[in-house]
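4 protein chains.
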Amino acid sequence: MHSSSPDYLKEGDSFILYHPEGNFLLFYSPGKKFHTHLGEVVFSEKISYGDPVVSSKGETFYILHPNMVDLSMKVKRKTTIIYPKEAGLILLELGVKCGAVVGEVGTGSGALTFILASVVGKEGKVYTFERRKEFLENARENLKRYGDFPWVEWVERDVEVEGFGITGLDALFLDVPEPWRLVSHAFEALKGGRTLGSLSPNLEQVKLTHEAMKKEGFTRLRVYEVLQREIMIRPEGTRPRERGILHTGYLLFGEKTNKKEPL
Amino acid sequence: MHSSSPDYLKEGDSFILYHPEGNFLLFYSPGKKFHTHLGEVVFSEKISYGDPVVSSKGETFYILHPNMVDLSMKVKRKTTIIYPKEAGLILLELGVKCGAVVGEVGTGSGALTFILASVVGKEGKVYTFERRKEFLENARENLKRYGDFPWVEWVERDVEVEGFGITGLDALFLDVPEPWRLVSHAFEALKGGRTLGSLSPNLEQVKLTHEAMKKEGFTRLRVYEVLQREIMIRPEGTRPRERGILHTGYLLFGEKTNKKEPL
Amino acid sequence: MHSSSPDYLKEGDSFILYHPEGNFLLFYSPGKKFHTHLGEVVFSEKISYGDPVVSSKGETFYILHPNMVDLSMKVKRKTTIIYPKEAGLILLELGVKCGAVVGEVGTGSGALTFILASVVGKEGKVYTFERRKEFLENARENLKRYGDFPWVEWVERDVEVEGFGITGLDALFLDVPEPWRLVSHAFEALKGGRTLGSLSPNLEQVKLTHEAMKKEGFTRLRVYEVLQREIMIRPEGTRPRERGILHTGYLLFGEKTNKKEPL
Amino acid sequence: MHSSSPDYLKEGDSFILYHPEGNFLLFYSPGKKFHTHLGEVVFSEKISYGDPVVSSKGETFYILHPNMVDLSMKVKRKTTIIYPKEAGLILLELGVKCGAVVGEVGTGSGALTFILASVVGKEGKVYTFERRKEFLENARENLKRYGDFPWVEWVERDVEVEGFGITGLDALFLDVPEPWRLVSHAFEALKGGRTLGSLSPNLEQVKLTHEAMKKEGFTRLRVYEVLQREIMIRPEGTRPRERGILHTGYLLFGEKTNKKEPL
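Listed in order, the protein sequences are those of chains A, B, C and D.
Going by our numbering, the first residue of the first sequence is number 1, and it counts up by one from there.
Going by our numbering, the first residue of the second sequence is number 264, and it counts up by one from there.
Going by our numbering, the first residue of the third sequence is number 527, and it counts up by one from there.
Going by our numbering, the first residue of the fourth sequence is number 790, and it counts up by one from there.
These are computed hints drawn from the structure, not numbers from a lab.
Note that beta-carbon positions come from the ideal geometry of N, C-alpha and C, so glycine has one too.
Honestly, I wouldn't trust all of these hints.
Said to hold, decoys possible - In silico contact screen, one side only, chain A against chain C (beta carbon under 7 Å); selected entries:
no.: 1; residue: Asn202
no.: 2; residue: Arg239
no.: 3; residue: Arg243
no.: 4; residue: His247
All chains, full assembly: derive it from the sequences and hints.
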């Protein structure tokens, strides 16, 4: 039986302050005040996930536990990030599970790094490679705000030039502008029969990576696009949201064979 | 540094036998033969993920490591199952991570059960509830073929009548025809501020569950549909696959507040 | 053999002034000047569709012949309008062709009125019904700018209260918030076996209209949604436009039987 | 006032024989019998669109007036055809209206030919070009079954080699595997400022045609894909149809400038 006693927030815990007109990711500090257009909110000494908080203007907010969509979407961005609609499928296609040892290039703002780190857990390992120091530092800061992830290895490295420097990965994902330049190195880093994935906004990029994968001994290549629509359920009626995202990118996946040659 | 020595398959290990014209999920047994329309394949004593195997008709197959799409889609089905395009988003929206304690009703054929079990790992816990013994047994068999998951609790129970009997869940997912009937019980089972999710093929079901969630103290309700298209990259050209799945269901998510009353 | 001599624009002719950074619907008047952020353009005495015009800032514009997308999308709007992705399918589902006698409620801003009028031509007839005088006047002005359409009958009338007052229509389209209230009248106005169509943003509206049509002797009911994505072909790559319209409305069609009773 | 007297079918008139389990395109002949799995149907001497007909097994069918979707989709096919979701948009983008003079290559099975012919009417003109005699003959037969279309010019010709041989077209559509090879000829055939359209299943085709259009003096190039989903409204609930068409092709449009050179 799991405890149903209130789980009080501790100093530094992340939470969502939610109101139909506002959705903020904050970090708990007793007595801290937060100002919104709906009035000021003060967070008391004893507060639990799920609790209501009333603002100075009489508006009720709720303290929610941030899920992985919240935390990955609300990283401080210095790059475009991978969206949940893609990140979810990446986890399944790459077989990222608790205890897995996975790799990622580039780190970007750390949105996927955070998701990978959450799923593999402390008995797993995430190697995240990034060429640009400022991106790596920002991503690291992002994750530090979310908790302690000593099983994430932050590697500042130009993989195209230097290779990965590791082998035996259970899964590897490439989120770089020219993934095809890393395919040969990716072959070395991955275990046999495991999945390499990449995301590219343009079809030309996908085709080049696809071709490189075929040449370097990857098989079962497949490309997907994922669309997500929000459906609005309102008193005046039910319909999809009128405007939104029509395209983020194409996902390409394939498995490493043990023959590094054209298949 | 992770080992790059060949990872030989052991008796009972699952693998994908892949050829562009065939994609089979099998379980390893040395010397075992497998018959396909592309000839007979024999699995030798020492075989690693990524290895090629040549059939009696001279066709080359590859031994791939099954990912979570393979394993969840290839359960023996007695029910419709949750597809990867939805399962991936469910993981992120529910915040299912390594070590989490999560619940699911109903078990169905165990496709999502397997995914949840893979992600939460041995320090986590999956409670899966199913009313129909034959479904529960089939799902249990499905997971047994994939490995040992002692952290899955298989519960034969009519949750609508008896409730969950547990509390303190980090996340809960409902895949039943009438999820609205379980919302009140779900409130009791979940920790505060955590996410309840459900999947329904029809909009009327979503609306009833949406209404029940509003009445029973859930907030930040949101509904999504997810579409996935495969893009074919072939010598003759690049285009989406011509026919396929246009709809599976609508996903509804919301967070439990600590006030079980209409919000 | 059709003439290939230059077709000079005449006073009042509509045209598109096009530049990759601007797309304007204008009406020709010799010597007229038009100011854009890319400089001033002057339209000379002899100008043909397809001709280039250079602005005062040295930018080349082209004089294009407006198509039905241009003209319908660029009406002066006092209401939301029907988009080309829906209007095209409406023409085919309703069998609107040259010479047809068709009806439409409400006129709105006249976007669909214009399309219907263009297709049925002078041997056809368009009856357009609108309750609100200001909408009717605006739509009429919109069409007057596009040409002379004496075969359009502009009817200021509350069809729900007064009925259509005509019979024998080859096709009828309802673009009103509560189409179900007009179904019984629509039955009277349409010829047997012909198609009634409607567009509604919300599913609840569609369901009510669907039900009314079943009750009032319509058959072969069908509902569609149409999505259109633009694909960008640019030097940096090919991909769908990132953001845009995800939903406008649901189209409902059905045919009148000669039995005005529940089928 | 339009006649509301029953419009009796005449010998040879097309009609839809409709039952929820069957949807047949037939041609009227008094006393004719038609056999279905729901029993035999006999068509009496006096029958009107909208009338019910009861089969020998007691099932009620309805006599519906075929719309343009029915007639275009039910041509006898020797080729793939253009679907309504695309044909509708083509009409609007090309500005095909009553009285227009339009061209089309290739004729294929005549589905689009029929639609163009219906819209331009007897004061318009459709030039349809097809290299393969058997396709042209089949398409011609298809239209003959639907009525008399003397304003359709059936041209057996290899346009790539011989050009169009006409000029002054108001609009032109290319439905051939290699539309880029016809762009230069299309420039000659079209009036200035008018629209050239094409449909291609693969992106590589679109890119080649796009490039050819830019080189040959076309401007305002745009590419679209159109998706259509059917929404099922049934007693058990409302949802999109589960499986269906995910892709037919990409539509490319652009307008002819009067400068046949790279823009």
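Now the hints, each set against the structure:
1. Satisfaction of the interface hint for A:Asn202 is found here, the shortest Cβ-Cβ separation to chain C being roughly 3 Å, below the 7 Å cut-off.
2. Look at A:Arg239: its Cβ gets to within about 5 Å of chain C, closer than 7 Å, so that hint holds up.
3. About 6 Å separates the beta-carbon of A:Arg243 from the nearest beta-carbon of chain C, less than 7 Å, and the hint is met.
4. Evaluation of the A:His247 hint against chain C yields a held restraint, the C-beta minimum of about 4 Å falling below 7 Å.
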